[in-house]
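K.L.:
In order, the protein sequence lines correspond to chains P and Z.
Mapping to UniProt numbering: the first sequence position 83 is 83, numbers consecutive.
Mapping to UniProt numbering: the second sequence position 494 is 494, numbers consecutive.
A couple of the hints might just be wrong.
Where chains are identical, the list cannot tell them apart; a pair therefore holds if satisfied intra-copy or between any two copies.
As the list claims (entries may be wrong) - Straight-line C-alpha distance at most 27 Å; calculated DSSO-like pairs for lysine-lysine:
#  : residue 1 : residue 2
1  : LYS558    : LYS575
2  : LYS558    : LYS569
3  : LYS542    : LYS312
4  : LYS542    : LYS63
5  : LYS147    : LYS542
6  : LYS538    : LYS558
7  : LYS418    : LYS7
8  : LYS312    : LYS575
9  : LYS569    : LYS418
10 : LYS575    : LYS542
11 : LYS387    : LYS558
12 : LYS410    : LYS387
13 : LYS392    : LYS418
14 : LYS312    : LYS147
15 : LYS575    : LYS418
16 : LYS387    : LYS7
17 : LYS569    : LYS392
None of these hints come from the bench; they were simulated from the model.
On a predicted model such as this, the values are computed, not experimentally measured, just so you know.
There are 2 protein chains.
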Amino acid sequence: MNRPVPKITTGALPASRKVYASGTLHELRVPMREISVTDEAPLTVYDSSGPYTDPAATIDIAKGLPEVRGGWLQTRGEVEAYEGRAVTSADNGFAEGARLTPPFPAARDTLRATGDRAVTQLAYARAGIVTPEMEFVAIRENEGRAKAYSRDGDPMGANLPDLVTPEFVRDEIAAGRAIIPANINHRELEPMIIGRNFLVKINANIGNSAVTSSMEEEVEKMVWAIRWGADTVMDLSTGRNIHNIRDWILRNSPVPIGTVPLYQALEKVNGIAEDLTWEIYRDTLIEQAEQGVDYFTIHAGVRLHMIPMTAKRVTGIVSRGGSIMAKWCLHHHRESFLYEHFDEICDICRRYDVSFSLGDGLRPGSIADANDEAQFAELRTLGELTKIAWAKDCQVMIEGPGHVPMHKIKANMDEQLKHCHEAPFYTLGPLTTDIAPGYDHITSAIGAAMIGWFGTAMLCYVTPKEHLGLPDRDDVKTGVITYKLASHAADLAKGHPGAQARDDAISRARFDFRWEDQFNLGLDPDTAREMHDETMPKEAHKLAHFCSMCGPKFCSMKISHDIRAEAEKREGMAKMAEKYRDGGDLYMPADTVEEPAE
Amino acid sequence: MNRPVPKITTGALPASRKVYASGTLHELRVPMREISVTDEAPLTVYDSSGPYTDPAATIDIAKGLPEVRGGWLQTRGEVEAYEGRAVTSADNGFAEGARLTPPFPAARDTLRATGDRAVTQLAYARAGIVTPEMEFVAIRENEGRAKAYSRDGDPMGANLPDLVTPEFVRDEIAAGRAIIPANINHRELEPMIIGRNFLVKINANIGNSAVTSSMEEEVEKMVWAIRWGADTVMDLSTGRNIHNIRDWILRNSPVPIGTVPLYQALEKVNGIAEDLTWEIYRDTLIEQAEQGVDYFTIHAGVRLHMIPMTAKRVTGIVSRGGSIMAKWCLHHHRESFLYEHFDEICDICRRYDVSFSLGDGLRPGSIADANDEAQFAELRTLGELTKIAWAKDCQVMIEGPGHVPMHKIKANMDEQLKHCHEAPFYTLGPLTTDIAPGYDHITSAIGAAMIGWFGTAMLCYVTPKEHLGLPDRDDVKTGVITYKLASHAADLAKGHPGAQARDDAISRARFDFRWEDQFNLGLDPDTAREMHDETMPKEAHKLAHFCSMCGPKFCSMKISHDIRAEAEKREGMAKMAEKYRDGGDLYMPADTVEEPAE
Numbered sequence: 001m002n003r004p005v006p007k008i009t010t011g012a013l014p015a016s017r018k019v020y021a022s023g024t025l026h027e028l029r030v031p032m033r034e035i036s037v038t039d040e041a042p043l044t045v046y047d048s049s050g051p052y053t054d055p056a057a058t059i060d061i062a063k064g065l066p067e068v069r070g071g072w073l074q075t076r077g078e079v080e081a082y083e084g085r086a087v088t089s090a091d092n093g094f095a096e097g098a099r100l101t102p103p104f105p106a107a108r109d110t111l112r113a114t115g116d117r118a119v120t121q122l123a124y125a126r127a128g129i130v131t132p133e134m135e136f137v138a139i140r141e142n143e144g145r146a147k148a149y150s151r152d153g154d155p156m157g158a159n160l161p162d163l164v165t166p167e168f169v170r171d172e173i174a175a176g177r178a179i180i181p182a183n184i185n186h187r188e189l190e191p192m193i194i195g196r197n198f199l200v201k202i203n204a205n206i207g208n209s210a211v212t213s214s215m216e217e218e219v220e221k222m223v224w225a226i227r228w229g230a231d232t233v234m235d236l237s238t239g240r241n242i243h244n245i246r247d248w249i250l251r252n253s254p255v256p257i258g259t260v261p262l263y264q265a266l267e268k269v270n271g272i273a274e275d276l277t278w279e280i281y282r283d284t285l286i287e288q289a290e291q292g293v294d295y296f297t298i299h300a301g302v303r304l305h306m307i308p309m310t311a312k313r314v315t316g317i318v319s320r321g322g323s324i325m326a327k328w329c330l331h332h333h334r335e336s337f338l339y340e341h342f343d344e345i346c347d348i349c350r351r352y353d354v355s356f357s358l359g360d361g362l363r364p365g366s367i368a369d370a371n372d373e374a375q376f377a378e379l380r381t382l383g384e385l386t387k388i389a390w391a392k393d394c395q396v397m398i399e400g401p402g403h404v405p406m407h408k409i410k411a412n413m414d415e416q417l418k419h420c421h422e423a424p425f426y427t428l429g430p431l432t433t434d435i436a437p438g439y440d441h442i443t444s445a446i447g448a449a450m451i452g453w454f455g456t457a458m459l460c461y462v463t464p465k466e467h468l469g470l471p472d473r474d475d476v477k478t479g480v481i482t483y484k485l486a487s488h489a490a491d492l493a494k495g496h497p498g499a500q501a502r503d504d505a506i507s508r509a510r511f512d513f514r515w516e517d518q519f520n521l522g523l524d525p526d527t528a529r530e531m532h533d534e535t536m537p538k539e540a541h542k543l544a545h546f547c548s549m550c551g552p553k554f555c556s557m558k559i560s561h562d563i564r565a566e567a568e569k570r571e572g573m574a575k576m577a578e579k580y581r582d583g584g585d586l587y588m589p590a591d592t593v594e595e596p597a598e
Numbered sequence: 001m002n003r004p005v006p007k008i009t010t011g012a013l014p015a016s017r018k019v020y021a022s023g024t025l026h027e028l029r030v031p032m033r034e035i036s037v038t039d040e041a042p043l044t045v046y047d048s049s050g051p052y053t054d055p056a057a058t059i060d061i062a063k064g065l066p067e068v069r070g071g072w073l074q075t076r077g078e079v080e081a082y083e084g085r086a087v088t089s090a091d092n093g094f095a096e097g098a099r100l101t102p103p104f105p106a107a108r109d110t111l112r113a114t115g116d117r118a119v120t121q122l123a124y125a126r127a128g129i130v131t132p133e134m135e136f137v138a139i140r141e142n143e144g145r146a147k148a149y150s151r152d153g154d155p156m157g158a159n160l161p162d163l164v165t166p167e168f169v170r171d172e173i174a175a176g177r178a179i180i181p182a183n184i185n186h187r188e189l190e191p192m193i194i195g196r197n198f199l200v201k202i203n204a205n206i207g208n209s210a211v212t213s214s215m216e217e218e219v220e221k222m223v224w225a226i227r228w229g230a231d232t233v234m235d236l237s238t239g240r241n242i243h244n245i246r247d248w249i250l251r252n253s254p255v256p257i258g259t260v261p262l263y264q265a266l267e268k269v270n271g272i273a274e275d276l277t278w279e280i281y282r283d284t285l286i287e288q289a290e291q292g293v294d295y296f297t298i299h300a301g302v303r304l305h306m307i308p309m310t311a312k313r314v315t316g317i318v319s320r321g322g323s324i325m326a327k328w329c330l331h332h333h334r335e336s337f338l339y340e341h342f343d344e345i346c347d348i349c350r351r352y353d354v355s356f357s358l359g360d361g362l363r364p365g366s367i368a369d370a371n372d373e374a375q376f377a378e379l380r381t382l383g384e385l386t387k388i389a390w391a392k393d394c395q396v397m398i399e400g401p402g403h404v405p406m407h408k409i410k411a412n413m414d415e416q417l418k419h420c421h422e423a424p425f426y427t428l429g430p431l432t433t434d435i436a437p438g439y440d441h442i443t444s445a446i447g448a449a450m451i452g453w454f455g456t457a458m459l460c461y462v463t464p465k466e467h468l469g470l471p472d473r474d475d476v477k478t479g480v481i482t483y484k485l486a487s488h489a490a491d492l493a494k495g496h497p498g499a500q501a502r503d504d505a506i507s508r509a510r511f512d513f514r515w516e517d518q519f520n521l522g523l524d525p526d527t528a529r530e531m532h533d534e535t536m537p538k539e540a541h542k543l544a545h546f547c548s549m550c551g552p553k554f555c556s557m558k559i560s561h562d563i564r565a566e567a568e569k570r571e572g573m574a575k576m577a578e579k580y581r582d583g584g585d586l587y588m589p590a591d592t593v594e595e596p597a598e
C-alpha cells in the first residue's frame, strides 16, 4: 500500500469496561459500557463506541471489524452474493497516483435481495417477524435495566415503555415510527434504532472537502466521534477519493453510515450541476448501496415550483444538496429527477435495505427564513414521498431545520407530525440565533434539546466550526459532547425511564467529593479532570472536600455535610422538620405590611 | 505602592466605534457601539464595555473611571458626604505585608441619604420623578432605533413596547417590575435596567477564592467580562483582601457590582459560621454600601424550619450563603438573623440605594432536587420579604435556580410570578442535566435561554469550570459569550422589537460572503476569524465565495447566488413562481399509493 494505515484511538474510557448482554431469541451480544463507581453498583450506559473501547478486541483497520450480522443474514436468507459494479476512476474524482487513496484491502461479499423482494426491517416488521436486529436494539435501549429507574417528565405525546421489548420494536417499525438503518452490506454494524419512543440519538458529520482532510483523518474522526457518543455518522465528503474513503469508513464502522449520494454524483460530472443525470445518480446509488451505506439523504422534496419561493430569503438555499438540485431544475426547466424517479430509487433501496433520510433541501439558514413557505412546502412533499416509500417497504426518516427561533420550534414538530405520518424526525439543531459564529454548537444545542423533547428522534450535531470551515478532530468531539448532553436533556424532559440514573449517580459522587467518580460518570471525563487539575493537580486533592471555586471554608457541599452531621447528632432531621414546621410563622404581624393592589 | 497596577484589556472591538446618544431631560450621554458594515448602514448595538473600548478615553486603573453620575446626585440632593467607617484588618481577612492588596489610591466621597429618607430609584419612581438614571436606561434600551425593527415572537405575557420611554421606565420601577441597581456611592456607573419588559441581561461572576487569584486578575476579569457583554458583575471573592479588591473593582466598573456580604462577614469570623452575629453582618453591609456595591445577595429566605426539608436531597444545599446560614441556624437553634433583622437591612439599603437580590439559598443543585419543597418554601418567603422591602422603598430582584430539567422550567417562572409580585427574576442557568461537567455553560445555556424567554430578567452565567474550579479569564469569556447568545435567543423568542436586526445583518453578510462583516457582527469576532483562518488564512480568502466546509463547488450559498442570477436572466423568480405553482402536481396517480389507516 502507498500509505500507512490510519492511527485511530483505542482503549477503554476511564473506569469503564465493555459488557455484553445476550439475546434470547437470536444469537447476539449487545455491547454496553459499565462505569465503576466507588461504593456503589456500577452504572451501565449505552455505548456507541464499538470494539475500539474493548481491550479484548483486536483492531486492524486494514482488515475491518468483524461481521456482527453475517450469521443473521445467512440464517434469514432471501439474499444472494453477486459481482458488484466495478469501481471507476470517476468514483474517486479522477484521483490518481499519490493522490489516490488506496482501496480498502480486504474483500467482502456484495449482497442484494433475491428476486424483487424487499429485505428491509420494515418488510420483516410488517410480516410479524422479529429480526435479530430488532432484538439487539431492544436490549440495547434498556441499558441493562430490569425496570424503570424513574418516571418523571412530560413526554409530549411520546410513548415510552418502562422496558423496550423486541415486539415493541417490531410494532414501532411496522408503524413507520422508527427505523433501524442496516444495509445488508454493512454487516459490521451494531444495530441501533431511531424513533420518538426510544432514546434520542445524535449524528456526527465527517468527510473531507476539496480544500482539506484525508482518509486517515476521516477514519479517525469516525472512531473518535463514536468514542464520545455519536450514534450514527454521516460521511459528507465532497472532495476526491469519495469511494475509497467511504470503504475504509464503512468496513471499520460499528454505527450506521449515512451519505448524500448527490455529492459523489456531482463529483462525477466535475462539479457541473447541470450535467447531472438520473443515470449517473442511479449508478451512484447502487455503488454506495453495494458498499453498505445505511441511509441516503435524498433531496427529492426540492421541486421546481418551490424554488422561486426562496427568492426573497435572506440566506437562500443553504443545503448543499438542495442548492444543487435547484440549480439543475432551473437550468433544465424540469421537475427534479429525484422526484420523478423516486419510485425507482425505492426499488434500489428495498433490495439492500438502505433507509431514506428525506432531505430538507429548503431548510431555513437564518432566523429570518424560519418556517417560511418554501420550508413547509417541501415538508408536505416529504410526507407524500414517505407514503410512496412505505408502499415499497422502504424505511424512512425526515430531515428538519436549521435556523429557528425558540418560539417557532414547536410548530416544526407539530407540522412534521401532521404531514409525515409519524416518521422519525431528524433535525440539524436548530440554531436559535444567527449571531454567534464560533459558538453554533451552543446556539443549536438550545434548539436541539427543545425539539428533542418535543419528539425529534435524532439530532444532527453542529460543531464550533459551523459557517466557518471544516471541523477538525477537536471540533468533532466538542460537537458530539454538546449533542450528547442536549439529547440527554431531552430524554430527561420526556421522562425516559432510564435517563435520570446517570444524573443521580454523578450528583451523589459530587456531593460525596468522590472526584474521580464525578469525572468518570461525566460525558467527558478527560476534560473534567483536566479542568479540575488546573488549580488542584495533586493526587491528595482528589480527596479534598472542596475545589478552587470556593476553597475549604466556603464549599457549600462540605457545609451541607456538616449540617447533616450536626442534625443527626441532635435528633435527626426528620423530627426536626416536624417540630419547626408547626412552629414556623411569618414574624411580621400582618398589619405592618401594605398589601399591593391586585 | 507595593504592586504594579493591573494590566487590563483596552481598545475598540473590530470595526466598532463608541457612539453616544444625548438625553433630552437631563445632562447625560449614553454609550452604544456602532459596527461598520460594508455597503450597509452601520449596526448599533447595546454596549456594556464602558470607556475601555473608547479610544478617546484615558484609562488609569489607579485613578478609576470618571464619575458619570456625580452631577446628577449633586443636582438631586437629599444626600450628604460623611466620614465613612474605618477600614479594619478584618475587612481584608487579616492579610498583611506582601499579602495585603494595596488599597485603592484615589479617595472618593462617601455619601448617604440625609435624615431617614430613601434615595432609591423606587422611591423617586413612586413620587412620579423621572431620574437621569431612568432616562439613561430608556435611551440605552432602544439601541439607537427610531422604531421597531420587527415584531415576531411570543412574549409569554411580557409587555415590550416598540420604543422604551423614560416614563415607561419610571412606571415599571414604581410597579416593582424592574430595578436600576445604582448605589449613590457608585458614581462611575453607566446605569442599566433589569426587568422582564426590557432586554434580557446577563451577569458574570468574578472573585478570588482562598485557593487562587489576585486583585490584578480580578480587575482584568471584570474589564474582560464587560468587554464581551456582561451587564453586571458579581464579586464573589471568598479569600483574603475582599475589601481592597472590591474597591479596585468598583472604582473601575461601569457596570453594577453585586456581592454576597455574608462571605466577607464569614471571613471576619475566620470561617466559623457559628460565630457570625447580626452586628458583624450589619457592619459589613455598611462597609460595602459605603464602597458603592449596587446589589446585595441576601439569603434571608433560608429559614430554620426549611432546613430539614433538605435532608433527603441528593446534593443538599449548594448555595454558599444558604449553607452558611443553615449551619448557623441549626447550631444556634434560632431563626436566621437575616430574616429577623430584615427590617433593619432595609433601613441600611434605602439610605444608599443598594438593591436586594433575594438569594435562593435552597436552590436545587441536581436534577433530582429540582422544584422540591425546600426550594418553593424559600421562594414563597422571598415573596413576603419583597413586600417588606418595597414598603421601605427598597429595590428588589429574586434569585432562582439551579438545576432544573426542561419540563420543570416553566413552573419555576409561573411560581415566581405568582408569589413574588412580578419582581424581576434572576436565575443561575438553570442546568438541564447534571452529566456534563466541563460543559455546564452549555447544559445551562439551554435552560437559561428557555427561562429568559418565559420572563426571567437576568441570567447569571455559568462557565465551563462550574463544579470543577475557579474560572480563569478564558472561562469568563466563554461564559459571557454563551450567556449573550442565550439572552439574545430569549429576546428573539419574546419578539423584542430590536433583536432580529443583528441576526439579519449577519445573515446578509454570510450570504454575500462578506467574511469580515460576518466576523465583526458576531458576538466574538476574534474567535470566528481565527476558526475561519485555520484552514483559509490568506487575505484573498476573505473574498472567497466558499470556505473549507464545502469548497468552491459545493458551497450552497454560492450556488444560491448562481440560481438567482440564472432566474433573473430568464424571467425573474416571481413570474416563475406563478407559472410553476399552477403547473405543479404530484406526479403519482392517486390509486398507486395505499393510504395508511388513520
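K.L.:
Against this structure, judge whether each hint is valid.
P.N.:
Now the hints, each set against the structure:
no., hint, verdict
1, LYS558 / LYS575, "within (23 Å within a copy, 71 Å between copies)"
2, LYS558 / LYS569, "within (17 Å within a copy, 72 Å between copies)"
3, LYS542 / LYS312, "between (58 Å within a copy, 25 Å between copies)"
4, LYS542 / LYS63, "neither (42 Å within a copy, 43 Å between copies)"
5, LYS147 / LYS542, "neither (34 Å within a copy, 57 Å between copies)"
6, LYS538 / LYS558, "within (19 Å within a copy, 53 Å between copies)"
7, LYS418 / LYS7, "neither (47 Å within a copy, 59 Å between copies)"
8, LYS312 / LYS575, "between (68 Å within a copy, 13 Å between copies)"
9, LYS569 / LYS418, "neither (60 Å within a copy, 38 Å between copies)"
10, LYS575 / LYS542, "neither (35 Å within a copy, 70 Å between copies)"
11, LYS387 / LYS558, "neither (59 Å within a copy, 34 Å between copies)"
12, LYS410 / LYS387, "within (24 Å within a copy, 37 Å between copies)"
13, LYS392 / LYS418, "within (22 Å within a copy, 55 Å between copies)"
14, LYS312 / LYS147, "between (53 Å within a copy, 23 Å between copies)"
15, LYS575 / LYS418, "neither (54 Å within a copy, 31 Å between copies)"
16, LYS387 / LYS7, "neither (44 Å within a copy, 66 Å between copies)"
17, LYS569 / LYS392, "neither (71 Å within a copy, 41 Å between copies)"
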